Every structure is written in structure tokens, then in C-alpha cells.
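Asks: For chain G, the structure is supplied; the task is to place chain B on it using the hints.
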Amino acid sequence: GNSVTQMEGPVTLSEEAFLTINCTYTATGYPSLFWYVQYPGEGLQLLLKATKADDKGSNKGFEATYRKETTSFHLEKGSVQVSDSAVYFCALSEYSGGGADGLTFGKGTHLIIQP
Amino acid sequence: ETGVTQTPRHLVMGMTNKKSLKCEQHLGHNAMYWYKQSAKKPLELMFVYNFKEQTENNSVPSRFSPECPNSSHLFLHLHTLQPEDSALYLCASSQDASMAAYGYTFGSGTRLTVV
Chain G
1 GNSVTQMEGP VTLSEEAFLT INCTYTATGY PSLFWYVQYP GEGLQLLLKA
51 TKADDKGSNK GFEATYRKET TSFHLEKGSV QVSDSAVYFC ALSEYSGGGA
101 DGLTFGKGTH LIIQP
Chain B
116 ETGVTQTPRH LVMGMTNKKS LKCEQHLGHN AMYWYKQSAK KPLELMFVYN
166 FKEQTENNSV PSRFSPECPN SSHLFLHLHT LQPEDSALYL CASSQDASMA
216 AYGYTFGSGT RLTVV
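Sequences listed follow chains G and B, in order.
The opening position of the first sequence corresponds to residue 1 in my numbering, with each subsequent residue numbered one higher.
The opening position of the second sequence corresponds to residue 116 in my numbering, with each subsequent residue numbered one higher.
Same shape as in the complex, but just chain G:
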């Protein structure tokens, strides 16, 4: 079955530091890949996505590149802010054609940015 593995948290950084959150996946075919963000007390929001190999998703200064050869989709940001503190989820979607499989999520990485 499909699975997503992401680095355990919490990850604590100082403001303006460089961020990398690792994500690797296992899938039987060619999934679409996503990063979602969850701020305290809220649901998940789509941050960025990539639908095929070598695509780069980007939004709000965050980037992630779909690497088929390493089955990875690492999230990066060059200079983090306190407002980026949240839980980040890596996810994949692989529509089987026979029914809806939904999104498969990683466990989430709690990011804490200190001023």
C-alpha cells in the first residue's frame, strides 16, 4: 500500500533560518504529492502540490520538488518567520480508477520558529 514518511518533530529554528522538512513516499504508481499546513486550532490547508516528476510546487516562499528517483518531496524555505510555526503534513494521492482512495498522509512535523 501507499505510505508517507516524514521527519519527526518538533523542529525548532530561529527566525530567518533555512528550513528543510524531509518527506519520502511509497506508492505503486505515479502519485500526486502535497504539503498541507495546520495552524493551531484549525484544519489543514493546502500549501503546495506537484503532480508529476520534476515538478516544483511553490507558495508563500515554500518550495518542494517531486523527485521520482529518490521518491522524495522535501519542503524548503529560505528564511522562516514566527508565523510559519505550525504542523506540516506531507501527503500523496493515487487514484486507482476503481474508487476513491483519498489522500495518504505522513504523521506531521511540528515546526516551531523562535524570534
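What the hints contain is simulated information worked out from the structure, not anything from laboratory work.
Being a predicted model, the structure only gives us computed values, none of them experimental.
A portion of the hints provided could be inaccurate.
In silico lysine-lysine, DSBU-like type, Cα no more than 35 Å apart, as pairs [what the hints assert, rightly or not]:
1) G:Lys107 - B:Lys134
2) B:Lys167 - G:Lys52
3) G:Lys107 - G:Lys77
Replies: Quick look at chain B alone, frame taken from chain G:
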């Protein structure tokens, strides 16, 4: 406002109670999903409805009973729950199940505590 509204935001219920969670979207989406979010575990897909038809039941115990009367509304009926069912229950929607690759819109969730 995310476009997906869940009520109530918080719910405390005894193990012998019967309660329902409600999810509503006015995005014109045709697929709706229930996810369970527990501490330190990946999000768990519970149910999928596509064009009002249930297409996925991810081995969820019968004490959880979904209902989808139309494409805009989704309910999760709860009865004789256990303390381990305490979690954040998230509703999501997408254009349809085959369009999951474009991402979901999530509600803010219902925080359920079973006592």
C-alpha cells in the same frame, strides 16, 4: 472561512451517548471525506463519498455511521464510543474523487472527547 464548515467545534460525550457531527460545503464539490486525527498518528481516512455514494469504508467500527444526504452535506453519527475514539475529526471535500490529485479543502474539525 475555508469553504468547509464543521459543527460543533468541540464535543464531549459519554460512552452511552448518541451524537452527530456535521459537515457542510458550498464549493460545488462532489466528493466528501471523513478523517480522524489522533495525537502522534497519521491522519486516518475513514469514509469517502463520491456523488453521494459511499465508495470507501476504511475498516471503521460500526459505532461510526456516516450519512451523505446530498453532495453538500456529510454527517458522522456516533454511538457507544470508547475513550480511544477521542480525536479531531476532519471533514474534507474535492471536486470529485478522481480529482483528489488537485487537493482537498478541509474544515476546521470537531474536537471530540469521550468520557
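Asks: Next step is simple, just say for each hint if it's right about the structure.
Replies: Taking the hints in turn, this is what the structure says about them:
Distance hint between G:Lys107 and B:Lys134 is fulfilled; the C-alpha atoms sit about 28 Å from each other, no more than 35 Å. Taking the CA atoms of B:Lys167 and G:Lys52, the gap is near 30 Å; set against the 35 Å cutoff, the hint holds. At roughly 20 Å between alpha-carbon atoms, G:Lys107 and G:Lys77 fall within 35 Å of each other, so this suggested pair holds.
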